[in-house]
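Visitor: Single-letter residue listing:
There are 8 protein chains.
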Amino acid sequence: MTLDEILSAFKSGQFDADRTGQMIRSTFFQDLGHSTLDNDRRRRNGAGEVIYGEHKTTAQILDLVTAMVDRGDNVLVTRTCEAVFDAVVKIVKQAEFHEQARLITCRVRPVTPASGTIAVVTAGTSDRGVAEEAALTAEFYGNPVARISDVGVAGIHRLLARLDVLREARVLIVVAGMEGALPSAVGGLVDKPVIAVPTSVGYGASFGGIAALLGMLNSCASGVSVVNIDNGFGAGYLASMMNRL
Amino acid sequence: MTLDEILSAFKSGQFDADRTGQMIRSTFFQDLGHSTLDNDRRRRNGAGEVIYGEHKTTAQILDLVTAMVDRGDNVLVTRTCEAVFDAVVKIVKQAEFHEQARLITCRVRPVTPASGTIAVVTAGTSDRGVAEEAALTAEFYGNPVARISDVGVAGIHRLLARLDVLREARVLIVVAGMEGALPSAVGGLVDKPVIAVPTSVGYGASFGGIAALLGMLNSCASGVSVVNIDNGFGAGYLASMMNRL
Amino acid sequence: MTLDEILSAFKSGQFDADRTGQMIRSTFFQDLGHSTLDNDRRRRNGAGEVIYGEHKTTAQILDLVTAMVDRGDNVLVTRTCEAVFDAVVKIVKQAEFHEQARLITCRVRPVTPASGTIAVVTAGTSDRGVAEEAALTAEFYGNPVARISDVGVAGIHRLLARLDVLREARVLIVVAGMEGALPSAVGGLVDKPVIAVPTSVGYGASFGGIAALLGMLNSCASGVSVVNIDNGFGAGYLASMMNRL
Amino acid sequence: MTLDEILSAFKSGQFDADRTGQMIRSTFFQDLGHSTLDNDRRRRNGAGEVIYGEHKTTAQILDLVTAMVDRGDNVLVTRTCEAVFDAVVKIVKQAEFHEQARLITCRVRPVTPASGTIAVVTAGTSDRGVAEEAALTAEFYGNPVARISDVGVAGIHRLLARLDVLREARVLIVVAGMEGALPSAVGGLVDKPVIAVPTSVGYGASFGGIAALLGMLNSCASGVSVVNIDNGFGAGYLASMMNRL
Amino acid sequence: MTLDEILSAFKSGQFDADRTGQMIRSTFFQDLGHSTLDNDRRRRNGAGEVIYGEHKTTAQILDLVTAMVDRGDNVLVTRTCEAVFDAVVKIVKQAEFHEQARLITCRVRPVTPASGTIAVVTAGTSDRGVAEEAALTAEFYGNPVARISDVGVAGIHRLLARLDVLREARVLIVVAGMEGALPSAVGGLVDKPVIAVPTSVGYGASFGGIAALLGMLNSCASGVSVVNIDNGFGAGYLASMMNRL
Amino acid sequence: MTLDEILSAFKSGQFDADRTGQMIRSTFFQDLGHSTLDNDRRRRNGAGEVIYGEHKTTAQILDLVTAMVDRGDNVLVTRTCEAVFDAVVKIVKQAEFHEQARLITCRVRPVTPASGTIAVVTAGTSDRGVAEEAALTAEFYGNPVARISDVGVAGIHRLLARLDVLREARVLIVVAGMEGALPSAVGGLVDKPVIAVPTSVGYGASFGGIAALLGMLNSCASGVSVVNIDNGFGAGYLASMMNRL
Amino acid sequence: MTLDEILSAFKSGQFDADRTGQMIRSTFFQDLGHSTLDNDRRRRNGAGEVIYGEHKTTAQILDLVTAMVDRGDNVLVTRTCEAVFDAVVKIVKQAEFHEQARLITCRVRPVTPASGTIAVVTAGTSDRGVAEEAALTAEFYGNPVARISDVGVAGIHRLLARLDVLREARVLIVVAGMEGALPSAVGGLVDKPVIAVPTSVGYGASFGGIAALLGMLNSCASGVSVVNIDNGFGAGYLASMMNRL
Amino acid sequence: MTLDEILSAFKSGQFDADRTGQMIRSTFFQDLGHSTLDNDRRRRNGAGEVIYGEHKTTAQILDLVTAMVDRGDNVLVTRTCEAVFDAVVKIVKQAEFHEQARLITCRVRPVTPASGTIAVVTAGTSDRGVAEEAALTAEFYGNPVARISDVGVAGIHRLLARLDVLREARVLIVVAGMEGALPSAVGGLVDKPVIAVPTSVGYGASFGGIAALLGMLNSCASGVSVVNIDNGFGAGYLASMMNRL
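Residue numbers (this note's numbering), protein chains in the order written: chain A, -16 to 228; chain B, -16 to 228; chain C, -16 to 228; chain D, -16 to 228; chain E, -16 to 228; chain F, -16 to 228; chain G, -16 to 228; chain H, -16 to 228.
One or more of the hints may lead you astray.
SDA-like, lysine to any residue: derived pairs with alpha carbons at most 25 Å apart [unchecked claim]: (1) C:-6 - A:-12; (2) G:-6 - D:0; (3) E:73 - E:46; (4) G:-6 - D:-4; (5) B:-6 - F:-5; (6) A:-6 - C:0; (7) C:-6 - A:0; (8) D:-6 - G:2; (9) G:-6 - A:143; (10) H:-6 - E:0; (11) B:-6 - F:-3; (12) C:-6 - A:3; (13) B:-6 - E:140; (14) E:-6 - H:-13; (15) D:-6 - H:147; (16) E:-6 - H:2; (17) C:73 - C:96; (18) C:76 - C:57; (19) E:-6 - H:1; (20) B:-6 - E:143; (21) C:76 - C:45; (22) G:-6 - D:2; (23) B:-6 - F:-13; (24) H:-6 - E:143; (25) D:-6 - G:3; (26) D:-6 - H:143.
Simulated from the structure, these hints should not be mistaken for laboratory data.
Here chain A stands alone, though its shape is the one from the complex (with noise of 0.2 Å):
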């Protein structure tokens, strides 16, 4: 029932106030046990919700993606691996595996596509993998996305014999381990927003990202904010947000 028809029983005298109250409680999620599905997500956030797969069983992820590939729903399910794929899809055949990214989509409807380019940009070929997590989000809710890899400061050149293609895209997504540098040069040479996401890559001082996290968030290039270490995910999505503007 929709809140409409909910105020309606109650008026109609259907419902007295104590279950209208209630009602109006159980329209927004549904109790599943092991989960509490959040149904209202697709009218407040605008995309429904995804699958975390790491700590879950793969039987608690089928029950998942069973329940909304029946609702009609696209499914992407992240950090997740090829033995969990493999039992996915048993069960939906539309699933595909995507490897070095870790994620799993099931296209069973289409998305509109949107008009603007994302440019997701990485400072070495070791941030690739979260790269493609975010660049694979990105296409899975219907943006083009522009790839330009292995373009870190130290060879500033490459950069810049790129600079077409950054001014070209709407929503910019730059990837870096190590000294996270990276995204400060962007930001200098575009006026769209960057989305920085630091990666673990790198060794000794690097502290699993902690440098490349803090050399981001000190960023002296306006435009640029920060997602957590290896949010690829997070920043696939954001930038469709953005790019939905």
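Using the hints, position chains B, C, D, E, F, G and H against chain A.
Guide: Only chains B, C, D, E, F, G and H this time, still in chain A's reference frame:
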């Protein structure tokens, strides 16, 4: 000998001053070589010792379980595994293993049930291992427990819909990883003490639970206190102590 | 209007669906420009709002005190100073200033006294400012308080000699800086909840209270939970909540 | 000379290859001794330079303001104080000082107004200095701003009551200290990008904003990104950039 | 050649000034390729070199053991394992392996026994590996050792009951993980130096021994000093040095 | 009453069991309101209490000094200032102020001199305040002290030239800031215990003494233990305890 | 095409302005899909690219090695393993594997030898893996290397005895874990630049090399600079650059 | 006496062995009470001692300046202030004060000029104090210095435009706060050693220079090494040492 008996023996001349001093000291514990049993603990703390399973060999745990069951005590073993359980159940038939919570319980005598309810609330599915450790510990000490799962602040309606359950509880345990914001939200909705349990669930800048721990210590809601990261047992034990005030 | 009145107005057709939604939302708070008063807080949490004095101007504090006294509420201002008190006492005669604890209290109506006692225990003389903040807060909410000072673990006999007072308390607040070991010792001696308050007292590797905070979070005694560094108010408020269970 | 003119001069023989190289390089900036003006910035980034007031002398700031006003540019000086303003207003009559935000603005030419609204939401009254820095920056660049104050998660109804304002905004800036939980709650309620600004408001284990920063980076809500602690300017600038996409 | 012999050779003209300089330098050590033996150490420090087993291959350890036994020295290998022992015992029959402490000892000549006793006190059963490393090291250097186990501050009576043993010791080693409070309690009970050894035992906010380390550094008891986390060898060696003063 | 007298009174029937228990407890301390005097400390620890001056008012310090001098005790006040001294010297003529070390000493009775010497070695001139606190504390307890200043490892010949003094000492205190390397070098040259004192001298990545503290805890020389940052008193007290073994 | 050729083509009318711009950009790099080759690097930096082996697949490394050998370049692969070497040596006969340093070198053309010597000094045997990475890198670029091992500050005579070798070097690399004190001692003995390399060797409070890193950054000796933890390659490369000044 | 003279005196019988040993030791330093002068430093390190002004009294600095000028040495005092300068210039006319760099220089004898140039590059105007400390130190030791200011990576064209100056330098010092990215960019453009100096300029998550320090340690450019935060003197001294190789 009790303290009274020792003093009597001294007064009657049976013990001299030296002996009396020694005896007073020895009432309180028993040296078992690898461990020092705290025989006085139930009198002081209202509950017997609990076996912390980590870093102990199966043989050591069996010794301790046997000794406690022989005294007629219920036994709780925390942070243990199925291999230890297989050994324990051979000597204590009543033993049960709780896999998700990594607990062994042996109930050899009844516990006086408490009247009030303890609510155990989790932010996400991944926090359930810690939450179950808390819930089962509370139940081990005779408290009714209400479980509410997967109601993190990013879908706040799911939490609000359970207000009746939250407000019926006498004590609340709130378990959360990542940003650890749920205790603040719950603490703002109830007039009962909230025990916040940060978990090590998360990645990147969650730093194994530090982000959640700091979030909970800085809670803007009053009535919230915090235990160690992943310390489900401590939360359950403390909640039971409060519930029986 | 109460929620019932709003629903009646809707049923009778006085309110349409839109208006009803708006009215339901507006029951709970009042926008005063620089602050949003939480009118519903006493119903939810069992106690009215407290004024956190830090970062607020004297004018803002006076506004808030006046508003609350006008509603007939007792007022507690934390982390304040004598200059603010001088302004407050001109408009509220009952105001009192507690210098060591940096609190202003205004009692304009009687509080139902609680029956159990709250013990406030400190490790050293330097911890007394924070301890008084806790003790006076507990007294503000109507709880009898027993103070035990300067009984740190380096002279454990001083603590043991007060065992009777410790064991008569229904809730214990233990305040300590430096290594923060006192809550573990106290927690091992009683069967009641211990609220540990780390203080920023110390030097060198105490790091402004981090050493004490970590010591308390890692307490080997069960029944201990922790609040923020120097958070005497939080401990006193929580202790009162527990004492009234 | 523009790049085209330089290449023409080279082709016509007016410049030799060496000179051409030099000229290409010098198009982009001007060396003023203590600073290097980035003349190309508006073309690249869509907005002129901003004067970061901290660590600069009044004389240096006056030089920069004069130069920029002479070029017909609006000027924004951040992290400044009344003494600097007194000097600036003598040479630029349009200068205004915003005390709480510590900003000087000089509007010498009109700005094209943006259509969408930017919401600036704060968790507590103490966060308003940073929030005003963000709001005034957004207004400086021509964006309508809606302010919602003091709606932290410990009184979640206050936030829910403003849902209409939150959902009308095209971009949201959420400012919070202490546990920094508000962006997660807001991010779960809207389908627009949320820029989270941690503040250094708090005490004890807030560690000057680290707790809030970590909380925001680990937000369980999608669509949230983070800027540096207390970086109101950065949030306002980025929000304007997004709002004009 | 001794320093005296070298100077004589120089005076007699056997060595010129250059040679003399070289010879003086070479008295003190021997270059063995992968290691530089410190031949002068026993004269300077009162004890020969100890082999730190971690990061060394079995072949390197065998070389060193052989060389030292050939000089007639007792040998102590720390942080080693059974596989290394199996190789060592083939060439040195007197070798013994101490599994819990991960030590190999080879006694090839008698040690003058010390008269005073060293007490090794542990907070919990899990700290015994480190405690045994300390105790066996002290015994290796000829000191009588008294072991007191599992007497942490949460059951302070267990500690008080051993006061006689504690007070008979000439030097005390106190080993504790978690909150590391035991050295403060012991230090308050005796008038002899206490060497505190933090262990990495614990979980969550113990951070691999940091909590215990900070607790010990901030001990409110005088007469306490601290060695590195898990450094049982260092504590045993230092205690022996003190005991022989 | 002594413990013997109390037990006699009990045996004779003068005290009943309850009274006896109370009396045993009260032997050990005296409650003075703001402090709890540890009357038993000299018996347990071999030295009376020391007044830690920080965070105490002049009035509190005067109370404590008076009480201790009345008992015929020498008094040591640490971390104090000239203003406090001016008040103390009015009531205790023998009081002396040591500015660099921030100590007040009152010698009202002679101390048995110790035979061995304590060497106090500093890395740089800036470390002398802490070093003097250590040296004067050691002298206060009757120990001869040899001072060696400004012999840091960057000019290792300066240290080697004092080998005779270093080797004559029975205990060594080594005080260093910055990288804290001096204790390792000294520890490698002597066969006596070295107490390392990190100081907060340094800048940048010295982090108020953390760099020196970590350096000392990780010392590759055996026989080195560490006290808190800037804890000159603790080092002097412990050295005296060792020197009197 | 070189820059000169491009400009000629433009002048002659062969290229229009657009084409010229594109060509200027494309001189500097080549996009190979998974990597962006920096063809201009040798001109700018004086040495070709090095292959950082970590996080790269064997296939990617083979591609890069082949490409570089085809251009006639010597190849250095760092942080690699024997399995990768087995694949490389099949296509490049000259490849050599250095197990301790985890390096592959392929010398296909001679290198001009440098005249000065680089000294590589280590504090302990365990630091040799990192030291060899530095030494072999320096040799790869044609520098003579003198190795001095196991001369940490706890046996300072071992270091002093090698003064002649130390002073003959033109550049010194000093590798140390634990407290990282050796660079200070060496820096005080020579008048040449010292490159300090902290290693992750140690335990407990060495925190994976942080203690050594901080020690080196705070060195009281002038002429010392620091590279990342375990960064032997960086030290060897920089030393070669200095040696060829 | 020189070492040769001492050995001669020994050979001739003027000195016995004991005396000879003493004399050899005393060649190297002079004990002045509050300091130990390192007379041998110029021979070992190629430059005399420098006076670190912080934590020293004006009287101590005057003593040291006088002594050094009396020996005919140029004097450099770092981290000092105008008040000290006023005292110094009264006794040494040649003294000069450099306010921004907080240095006093006294040139009493000429310095052999170096041929190569040292470039000092800064990211922002606020870094100039540290940069001037580096530049003036380099000039004090006779090196030509080229200053390039305010060329941070957010406006990378400003840096590229100075490529000629950068490439003409023999050694480069790069000074940056905030994210500390400039050394990576510079290091990628030149084939000479880069000394990176992190500054404490920044706010929020710059943590007093930690972000810049970590960024520089993790630089993806080879040829970069790092000195302590704000250590302009160390960078200038090291650059001079390299420039004179």
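Visitor: If a hint holds in the structure, say so; if it doesn't, say that too.
Guide: Taking the hints in turn, this is what the structure says about them:
no., hint, verdict
1, C:-6 - A:-12, "holds (14 Å)"
2, G:-6 - D:0, "holds (10 Å)"
3, E:73 - E:46, "holds (13 Å)"
4, G:-6 - D:-4, "holds (9 Å)"
5, B:-6 - F:-5, "holds (8 Å)"
6, A:-6 - C:0, "holds (10 Å)"
7, C:-6 - A:0, "holds (10 Å)"
8, D:-6 - G:2, "holds (14 Å)"
9, G:-6 - A:143, "holds (24 Å)"
10, H:-6 - E:0, "holds (10 Å)"
11, B:-6 - F:-3, "holds (12 Å)"
12, C:-6 - A:3, "holds (12 Å)"
13, B:-6 - E:140, "holds (24 Å)"
14, E:-6 - H:-13, "holds (14 Å)"
15, D:-6 - H:147, "holds (24 Å)"
16, E:-6 - H:2, "holds (14 Å)"
17, C:73 - C:96, "violated (28 Å)"
18, C:76 - C:57, "holds (12 Å)"
19, E:-6 - H:1, "holds (14 Å)"
20, B:-6 - E:143, "holds (24 Å)"
21, C:76 - C:45, "holds (13 Å)"
22, G:-6 - D:2, "holds (14 Å)"
23, B:-6 - F:-13, "holds (14 Å)"
24, H:-6 - E:143, "violated (67 Å)"
25, D:-6 - G:3, "holds (12 Å)"
26, D:-6 - H:143, "holds (24 Å)"
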